[in-house]
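These protein sequence lines are chains A and B, in that order.
Each residue of the first sequence is one higher than the one before, counting from 259 in my numbering.
Each residue of the second sequence is one higher than the one before, counting from 353 in my numbering.
FYI, nobody ran anything at the bench for these hints, they're computed from the structure.
Check the hints yourself; a few may be wrong.
Heads up, simulated BS3-like pairs for lysine-lysine below, C-alpha to C-alpha not over 30 Å straight-line [unchecked claim]:
id	chain 1	residue 1	chain 2	residue 2
1	B	K628	A	K528
2	B	K385	B	K428
3	A	K539	B	K628
4	A	K393	B	K428
5	A	K393	A	K531
6	B	K538	B	K454
7	B	K599	B	K532
8	B	K532	B	K454
9	B	K628	A	K540
10	A	K528	A	K494
11	B	K385	B	K454
12	A	K393	A	K528
13	A	K494	B	K628
14	B	K385	B	K538
15	A	K337	A	K531
16	A	K540	A	K494
17	B	K628	A	K531
18	B	K533	B	K628
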Amino acid sequence: MSRVLRITAIILMLCSLLLLVPSENATAEIVPIPVDAASAEPVNEAYYLSETLYEDPSLRVEIESGEMFESSYMVARIKIADPSQLRSCMASRDGKATATGARLAQRANAVFAINGDFFKTNQPSVGKYIVRQGKLLQHNAGNRTDRNLDILIIDDRGDFHILPYGTNEDAEAFEGTIINSYCFGPGLIIDGVAATEFNDRGYGPEANAQRIAICQTGELEYMCVVCSGPDHPNSKGMTIQEFVTLLTTLGDIQNAYNLDGGTSAYMIFKEEKINNFGSTKKREINDIICFCSAWAE
Amino acid sequence: MGITSFAIAVCAGAGLALALFCWLARRRGIPGKTVEIACLMMIPLGVFCGHLLYCAALWFEVIPEYGAGIFLMPWKGGYMFYGVFGGCALALWLADRITEKKRLPALADCAAPALLLLVIVVRLAEPLDGQGKGFDIEPGSAAAFFPIAFADPEWPDEWNLAVFFFEALWAAISCGAVLKKMGLVKPTGVRSGISARLAAVMYASGQILLESLRRDRVVRWRFTRVSQIISAVVLLLLLVEAIRKGKLTRKQAVWSLTGFVLMAGAVVALEFAVDKPLRLPNGELFYFSYELTYLLIGLCAAGMGVLTWMAVRRKQS
Numbered sequence: 259m260s261r262v263l264r265i266t267a268i269i270l271m272l273c274s275l276l277l278l279v280p281s282e283n284a285t286a287e288i289v290p291i292p293v294d295a296a297s298a299e300p301v302n303e304a305y306y307l308s309e310t311l312y313e314d315p316s317l318r319v320e321i322e323s324g325e326m327f328e329s330s331y332m333v334a335r336i337k338i339a340d341p342s343q344l345r346s347c348m349a350s351r352d353g354k355a356t357a358t359g360a361r362l363a364q365r366a367n368a369v370f371a372i373n374g375d376f377f378k379t380n381q382p383s384v385g386k387y388i389v390r391q392g393k394l395l396q397h398n399a400g401n402r403t404d405r406n407l408d409i410l411i412i413d414d415r416g417d418f419h420i421l422p423y424g425t426n427e428d429a430e431a432f433e434g435t436i437i438n439s440y441c442f443g444p445g446l447i448i449d450g451v452a453a454t455e456f457n458d459r460g461y462g463p464e465a466n467a468q469r470i471a472i473c474q475t476g477e478l479e480y481m482c483v484v485c486s487g488p489d490h491p492n493s494k495g496m497t498i499q500e501f502v503t504l505l506t507t508l509g510d511i512q513n514a515y516n517l518d519g520g521t522s523a524y525m526i527f528k529e530e531k532i533n534n535f536g537s538t539k540k541r542e543i544n545d546i547i548c549f550c551s552a553w554a555e
Numbered sequence: 353m354g355i356t357s358f359a360i361a362v363c364a365g366a367g368l369a370l371a372l373f374c375w376l377a378r379r380r381g382i383p384g385k386t387v388e389i390a391c392l393m394m395i396p397l398g399v400f401c402g403h404l405l406y407c408a409a410l411w412f413e414v415i416p417e418y419g420a421g422i423f424l425m426p427w428k429g430g431y432m433f434y435g436v437f438g439g440c441a442l443a444l445w446l447a448d449r450i451t452e453k454k455r456l457p458a459l460a461d462c463a464a465p466a467l468l469l470l471v472i473v474v475r476l477a478e479p480l481d482g483q484g485k486g487f488d489i490e491p492g493s494a495a496a497f498f499p500i501a502f503a504d505p506e507w508p509d510e511w512n513l514a515v516f517f518f519e520a521l522w523a524a525i526s527c528g529a530v531l532k533k534m535g536l537v538k539p540t541g542v543r544s545g546i547s548a549r550l551a552a553v554m555y556a557s558g559q560i561l562l563e564s565l566r567r568d569r570v571v572r573w574r575f576t577r578v579s580q581i582i583s584a585v586v587l588l589l590l591l592v593e594a595i596r597k598g599k600l601t602r603k604q605a606v607w608s609l610t611g612f613v614l615m616a617g618a619v620v621a622l623e624f625a626v627d628k629p630l631r632l633p634n635g636e637l638f639y640f641s642y643e644l645t646y647l648l649i650g651l652c653a654a655g656m657g658v659l660t661w662m663a664v665r666r667k668q669s
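Make a model of the complete structure from these sequences and hints.
In structure tokens, the structure reads:
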């Protein structure tokens, strides 16, 4: 065999090593979830590292617990790699049916989820602007602007924008792409400033109750906080002001938004409700806000 | 606007109901002209009033979504059975007035089992429209089999209580009871109007429980289910009518009304107990199980129905 042929054969065999050497992550990557997808890809159970920790290259969820104001609380700290991993899932396409939060989390293949704003039970006189996964479901002006709810907008970059006493016009004037919007509130922390005054727009600010909030703490970083309520053994529940105080102790929060509390409050991890605090009750709800994995193996 | 399988089922149910109504009316010697006019009016008035009640109950949702013209757009939004019943009752009254035959109670008796037949068919067809679901049932659990539960056609791993089946079953039992009362083939001679009232009592008392079990597109005001309220009002009106007609002594009337109000209040309290605990005098919390809660609601609904029927069936003194 000539020398040229021998060198060529050696080079070819060296090149073949590129294909033959095994790699654990040869085809794995972060794949954004389409906005109109009914669910994410099924979760790989191997990434649940403990009862309180999930981690894959696209998503990290860690759950902590504590006590304050004679009530228990749970905090979920979440970091995602792509904005499409923060999603909503409704019990029916028109949002008029209900189901348990755990059922909805299973349907969405969510690693972690909380309840939404239960928009179907809001007062008819109040303005509403409801968007779910980019689709405008409901918008009515309401007839008392002093009773308008604060609107939370989650845009296509996963950023939170809270519109105090939001109207249709405010939401329509938003410069960006709305993926999901919620009408409950109030905004507890807006652009880093904690609220101190609360008028009652249906969420009983002075009542001791189970509260739940979703917060943005950084780019693609979030926190969900839920406290126990008077319906739980050995628990007083928190007023809105006490809940805000709790939030401020948990870290640097850019925006925090109060969602429907009481028996509607769901915190779901591994497709199970974890904020039971000793109760067996599960109310059916309209929809959930969920965090899904985008790790495709 | 496409034709759905659910719409076909509703049409079939309406056709069967009208056929039963005509057959029963002919057997009872009601003039053909009256029956024809009633049939001609029942369809448009039933549709219009069923849609009207739905829109009126959910005006704060449907008007922003569709505009005020929704009241005249029966192909959008939805319907409520109580509205359909009201529209059909109006049709019967108009037919009786036009023909001046003064046979309204007999017409109502014939329409009652026919409307229950419509309920049977429409309820059985509800899964075609994604409706008729109750609370979640764990797949693989002891209750995860038809007819107790059924799998959602869109989400085959999700099982729910088959409320549609129980509603159809109760409508069938009610229809059978009414037909036995009035006689399917030959009239039994009971006074006119009593069979229609029996149908109303049975349907309304059943709805108090069955509506509470629903987890689909229920018509509600915040956490109150509209059909439950209407059912209680129907029973109360029948009870008050019986009292006004002197069917009960004063003492009986007081006991009946008191018992009715207490049981209605218990149903309201039990609806809260579905997802809230009861705080005992010592401060501890007692959690009602779902089974206990719905059993008690069922017993109270049955009690309200029995109280009403016992008053209604009495002869006028």
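Here is what the structure says about each hint:
no., hint, in the structure
1, K628/B / K528/A, "holds (25 Å)"
2, K385/B / K428/B, "violated (33 Å)"
3, K539/A / K628/B, "holds (7 Å)"
4, K393/A / K428/B, "holds (19 Å)"
5, K393/A / K531/A, "holds (27 Å)"
6, K538/B / K454/B, "holds (21 Å)"
7, K599/B / K532/B, "holds (23 Å)"
8, K532/B / K454/B, "holds (24 Å)"
9, K628/B / K540/A, "holds (9 Å)"
10, K528/A / K494/A, "holds (28 Å)"
11, K385/B / K454/B, "holds (13 Å)"
12, K393/A / K528/A, "holds (27 Å)"
13, K494/A / K628/B, "holds (15 Å)"
14, K385/B / K538/B, "holds (21 Å)"
15, K337/A / K531/A, "holds (20 Å)"
16, K540/A / K494/A, "holds (19 Å)"
17, K628/B / K531/A, "holds (16 Å)"
18, K533/B / K628/B, "violated (42 Å)"
Against the hints set out earlier in the document, violations occur for numbers 2, 18.
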